[in-house]
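Asker: Once you have looked at the hints, place chain R on chain W.
So the chains spell out like this:
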Amino acid sequence: MSELTSLTIAEARERLRAGEVTSRELTEACLTAIDAADALNAFVHKTPEIALERADAADARIQAGDAPAMCGIPVGIKDLFCTEKVPSQAASRILEGFRPEYESTVSQNLLDDGAVMLGKLNMDEFAMGSSNETSVYGDAVSPWRRGNDTTPLTPGGSSGGSASAVAADLCLAATGTDTGGSIRQPAAFVGITGLKPTYGRCSRWGIVAFASSLDQAGPMTKSVRDAAIMLGSMAGHDPLDSTSADLAVPDFEAMITGDIRGKKIGIPREYRMDGMPDEIEKLWVAGADMLRDAGAEIVDISLPHTKYALPAYYVIAPAEASSNLARYDGVRFGHRAKLAQGDGITEMYEKTRAEGFGDEVKRRVMIGTYVLSAGFYDAYYNRARKVRTLIKKDFEDVFAAGVDAILTPATPSSAFGLGEMADADPVQMYLNDVFTVTVNLAGLPGISVPAGLDAQGLPLGLQLIGRPWEEGDLLNTAQILEDSAGFLAKPAKWW
Amino acid sequence: MLDLTYDAPKPKVIAGAKSDWELVIGLEVHAQVATAAKLFSGASTRFGAEPNSNVAFVDAGMPGMLPVINEGCVAQAVRTGLGLRAEINLFSAFDRKNYFYPDLPQGYQISQLYHPIVGEGEVIVEMGEGIARRVRIERIHLEQDAGKSIHDMDPHMSFVDLNRTGVALMEIVSRPDIRGPEEAAAYVGKLRQIMRYLGTCDGNMQNGNLRADVNVSVCRPGDYEKYQETQDFSHLGTRCEIKNMNSMRFIQAAIDYEARRQIAIREDGGTIDQETRLYDPDRNETRSMRSKEEAHDYRYFPCPDLLPLEIDQGWVDDIAAGLPELPDQKKARFITDFGLSDYDASVLTAEAENAAYFEEVADGADGKLAANWVINELFGRLKKDDDKGISESPVSPAQLRGIISLITGGDISGKIAKDLFEIVYTEGGDPAEIVTARGMKQVTDTGAIEAAVDQIIADNPAQVEKAKVNPKLAGWFVGQVMKATGGKANPKAVNEIVAKKLGG
Numbered sequence: 096m097s098e099l100t101s102l103t104i105a106e107a108r109e110r111l112r113a114g115e116v117t118s119r120e121l122t123e124a125c126l127t128a129i130d131a132a133d134a135l136n137a138f139v140h141k142t143p144e145i146a147l148e149r150a151d152a153a154d155a156r157i158q159a160g161d162a163p164a165m166c167g168i169p170v171g172i173k174d175l176f177c178t179e180k181v182p183s184q185a186a187s188r189i190l191e192g193f194r195p196e197y198e199s200t201v202s203q204n205l206l207d208d209g210a211v212m213l214g215k216l217n218m219d220e221f222a223m224g225s226s227n228e229t230s231v232y233g234d235a236v237s238p239w240r241r242g243n244d245t246t247p248l249t250p251g252g253s254s255g256g257s258a259s260a261v262a263a264d265l266c267l268a269a270t271g272t273d274t275g276g277s278i279r280q281p282a283a284f285v286g287i288t289g290l291k292p293t294y295g296r297c298s299r300w301g302i303v304a305f306a307s308s309l310d311q312a313g314p315m316t317k318s319v320r321d322a323a324i325m326l327g328s329m330a331g332h333d334p335l336d337s338t339s340a341d342l343a344v345p346d347f348e349a350m351i352t353g354d355i356r357g358k359k360i361g362i363p364r365e366y367r368m369d370g371m372p373d374e375i376e377k378l379w380v381a382g383a384d385m386l387r388d389a390g391a392e393i394v395d396i397s398l399p400h401t402k403y404a405l406p407a408y409y410v411i412a413p414a415e416a417s418s419n420l421a422r423y424d425g426v427r428f429g430h431r432a433k434l435a436q437g438d439g440i441t442e443m444y445e446k447t448r449a450e451g452f453g454d455e456v457k458r459r460v461m462i463g464t465y466v467l468s469a470g471f472y473d474a475y476y477n478r479a480r481k482v483r484t485l486i487k488k489d490f491e492d493v494f495a496a497g498v499d500a501i502l503t504p505a506t507p508s509s510a511f512g513l514g515e516m517a518d519a520d521p522v523q524m525y526l527n528d529v530f531t532v533t534v535n536l537a538g539l540p541g542i543s544v545p546a547g548l549d550a551q552g553l554p555l556g557l558q559l560i561g562r563p564w565e566e567g568d569l570l571n572t573a574q575i576l577e578d579s580a581g582f583l584a585k586p587a588k589w590w
Numbered sequence: 023m024l025d026l027t028y029d030a031p032k033p034k035v036i037a038g039a040k041s042d043w044e045l046v047i048g049l050e051v052h053a054q055v056a057t058a059a060k061l062f063s064g065a066s067t068r069f070g071a072e073p074n075s076n077v078a079f080v081d082a083g084m085p086g087m088l089p090v091i092n093e094g095c096v097a098q099a100v101r102t103g104l105g106l107r108a109e110i111n112l113f114s115a116f117d118r119k120n121y122f123y124p125d126l127p128q129g130y131q132i133s134q135l136y137h138p139i140v141g142e143g144e145v146i147v148e149m150g151e152g153i154a155r156r157v158r159i160e161r162i163h164l165e166q167d168a169g170k171s172i173h174d175m176d177p178h179m180s181f182v183d184l185n186r187t188g189v190a191l192m193e194i195v196s197r198p199d200i201r202g203p204e205e206a207a208a209y210v211g212k213l214r215q216i217m218r219y220l221g222t223c224d225g226n227m228q229n230g231n232l233r234a235d236v237n238v239s240v241c242r243p244g245d246y247e248k249y250q251e252t253q254d255f256s257h258l259g260t261r262c263e264i265k266n267m268n269s270m271r272f273i274q275a276a277i278d279y280e281a282r283r284q285i286a287i288r289e290d291g292g293t294i295d296q297e298t299r300l301y302d303p304d305r306n307e308t309r310s311m312r313s314k315e316e317a318h319d320y321r322y323f324p325c326p327d328l329l330p331l332e333i334d335q336g337w338v339d340d341i342a343a344g345l346p347e348l349p350d351q352k353k354a355r356f357i358t359d360f361g362l363s364d365y366d367a368s369v370l371t372a373e374a375e376n377a378a379y380f381e382e383v384a385d386g387a388d389g390k391l392a393a394n395w396v397i398n399e400l401f402g403r404l405k406k407d408d409d410k411g412i413s414e415s416p417v418s419p420a421q422l423r424g425i426i427s428l429i430t431g432g433d434i435s436g437k438i439a440k441d442l443f444e445i446v447y448t449e450g451g452d453p454a455e456i457v458t459a460r461g462m463k464q465v466t467d468t469g470a471i472e473a474a475v476d477q478i479i480a481d482n483p484a485q486v487e488k489a490k491v492n493p494k495l496a497g498w499f500v501g502q503v504m505k506a507t508g509g510k511a512n513p514k515a516v517n518e519i520v521a522k523k524l525g526g
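Protein chains in written order, with this note's numbering: chain W, 96 to 590; chain R, 23 to 526.
Certain hints may be false.
[Unchecked claim] Each computed DSSO-like pair below joins lysine-lysine, with the alpha-carbon atoms no more than 30 Å apart: (1) K170/R <-> K180/W; (2) K490/R <-> K522/R; (3) K433/W <-> K119/R; (4) K405/R <-> K463/R; (5) K433/W <-> K170/R; (6) K457/W <-> K141/W; (7) K446/W <-> K314/R; (8) K170/R <-> K446/W; (9) K457/W <-> K170/R; (10) K402/W <-> K488/W; (11) K119/R <-> K481/W; (12) K510/R <-> K437/R; (13) K446/W <-> K119/R; (14) K514/R <-> K488/R; (15) K457/W <-> K314/R; (16) K406/R <-> K352/R; (17) K352/R <-> K405/R; (18) K457/W <-> K119/R; (19) K487/W <-> K119/R.
[Said to hold, decoys possible] The following label-pair restraints were derived from C-beta to C-beta distances: (20) K314/R <-> P345/W: 54 to 60 Å; (21) P345/W <-> G211/R: 55 to 61 Å; (22) G114/W <-> P330/R: 49 to 55 Å; (23) W337/R <-> A474/W: 36 to 42 Å; (24) P345/W <-> P73/R: 46 to 52 Å; (25) K170/R <-> M371/W: 53 to 59 Å; (26) E316/R <-> W564/W: 46 to 52 Å; (27) F113/R <-> A550/W: 54 to 60 Å; (28) R427/W <-> K314/R: 29 to 35 Å; (29) E315/R <-> A474/W: 20 to 26 Å; (30) A474/W <-> Y121/R: 18 to 24 Å; (31) K314/R <-> E450/W: 31 to 37 Å; (32) K585/W <-> Y121/R: 50 to 56 Å; (33) Q228/R <-> E196/W: 33 to 39 Å.
In short, the hints are calculated from the structure, not lab data.
A virtual CB, placed ideally from N, CA and C, is assigned to each residue, including glycine.
Excised from the complex, chain W in its bound form (with noise of 0.2 Å):
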């Protein structure tokens, strides 16, 4: 049956037009192994008869000639997208019991294409971690471990059950969802591929928003191929989303022709840290080297803003996220705490947005409230924008003189273990997003490819950075890094 788990969407796809197997099949088989697999808290709402159910309306259509790229195919759904009627907590306890009445845009998409839903995916709580420690549901499990060492990694976040359940095969591919790296840095690893599509590529309506001018979804796959199937799927222009790009959406697999001769990849120079490990930077150097063995151009770029998108990151989004998680306050929906006699709205407010956030939730909208303050809006919020401006014009000037895309690390180290930072300074967590956020400011799609294993046989990822609404030339390039590359590791199977 692993066998059936661990296919591509573009496997999967043919065996399916050729009737080889049916979604039936492969559902069945993924059920199995998510139910074999709860070692790995990577699902944590499974729902096995809508699965069973899409599945044979999948098996009818490919049946009847009418069959998407994603039809038939087992996916699971990161909890930050509302699902209806099924349980969309955002892996936070103030959202308990919330059951939508409506489909994120994104998960409709895959639905009309015939994708068969498995269930939700743990994750970081509202989205905000690099560990997925932050979750409602407790932490995800990484299938990987440090060779006979038992301590259980984290498969890193915020997307972290996406990335564990592709990883190890329990699902064909995963949403999710990107707003300072969470699609890039688990990708990255858990030995997969995490693509971050351009800003307004796809909808947001019906995705719980954490960062609104960050987030952005997309598709976490097992190969760039699949990668380039699933985001024709879920992107899109939506009426709903004010910012969703009124762009049609090309055919990104036709677009992997595997020639990029000719092409210009930068390498900016601001992203050689102080006190990156010597394999990041060996990897690095090989990438690019396995970019010009393919006809491309490598050139030295900078992008000088570099070193202020992180403090500006992280005034941006949780000044956003403190606004945007106002309404979780008990009054309509979700958790509310039990009041004592002669409790009033106060009371009520603060004891449930108390019971119902995590600590890094509460951290996140504390520091984004004192950054909207009167009297510190300018000296924060105002300036960050302002150098958000900076290191979008920074690609700017790069992408104008010919760079067609960027490369770098995905991440600055391999995956760590579960409670190895939990005494650490909340900034050493956020130092993970040091290599992705710039892409979010800037609204650019990016991408991270398995590229290697470290010494201690963790898979290290690269990362591609392209020009607004060039996915398709992004996946190309990534693509020539998938080939040459040739990860193929997957983690032993211990759960």
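Answerer: Chain R only, in chain W's frame:
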């Protein structure tokens, strides 16, 4: 455009115990935009629906829901701006105003702090014939209304109705140009009139569709002029804001109370705390709601769910081209074209519907007479008839014009015309036909009138003798003739003949 010239009214002066004081008033008027759907959702704005029935997911602040701007609301704001001769900003943007309250489901109100859709404009507020205050408008921005919290339905619980949540409001902010309670009420009235002309707000204050926050301060005579020279607000005294007033009467009473309260404090050597106050109409007083220290920190920031609002000049021009004639222009035209008095022109242009009715009546008829009949007879009759509006008038403009042309044609006297009007009002019908059918036509046949006069003279010899001594008694004969002819005799002819016969 016709423009009338005005003198500025005198500011209201309140005599304190120690000196005179003047008032300085600025208003923030919240006008509900007349549209079918809310500012950022497709939910209906209908008043009086079942609680929580006009609520889209986004209005209820459900997770993941996003606002989408309603173009109709933008057009209405632009229309209002044009009506107030204001600058239209082709670039505007939405900001979030953050605060917690159960009737604010998102935890923020989407508003326009930094880039409002409408910039500076002005309103002319007439305070009597030839006297008007020019009130400068600082800005108009679009924002969401909040829902309604209901605290008196249950001793232990509060209820929330979200029907109004997210309904579009225009906040119209004036400069501190208003100088008395009557001016403040007149200013709100003028805004209401203009918006009703434009069809951008129904102006229904009872339903809360038009509300005002009133900023009041007091200063000594001469200080306001210093402010005008320097634009330095410190000359105007510390202001207090009286929130959420939805009656012209309360606005005036609240300003008056608040001014006297501030004067008493200042004359006592105290200082005014800048604060938000609420007016209690039952006790006719304002009470502190929250001080400056307790003021909310709204943490305004650009709403990341919405792109900046960019509109084309061409679109604005199209809206401008479709603008109706506005009250000031209409009034000036009525005065010029129909020879109406300032007062009559004001009354007739108060509501666009009334003005349109009048114009139909006056079409081809005597303008002044038409104005008299519309104002005195028709409006008076409608008022008696359950305070009906012009749209419910049983007398059509054509019917009223018919009555008037019977008067000017000499067919009926003014007195008979009143009877005729009552018949038309209650029974309907064509005025000319009624006059013929019921024999109401005025007798202008001098022979007939002469015969009637002769008869009266013959029947009352004693009166004739008296009249010869006292010519004023001729009126008695005229009255007798009118009585005898059932009021149909042409009064002018009767006067002449009576005078001739008695004199001769």
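Asker: Could you work out which earlier hints the structure fails to respect and list their numbers in ascending sequence?
Answerer: none
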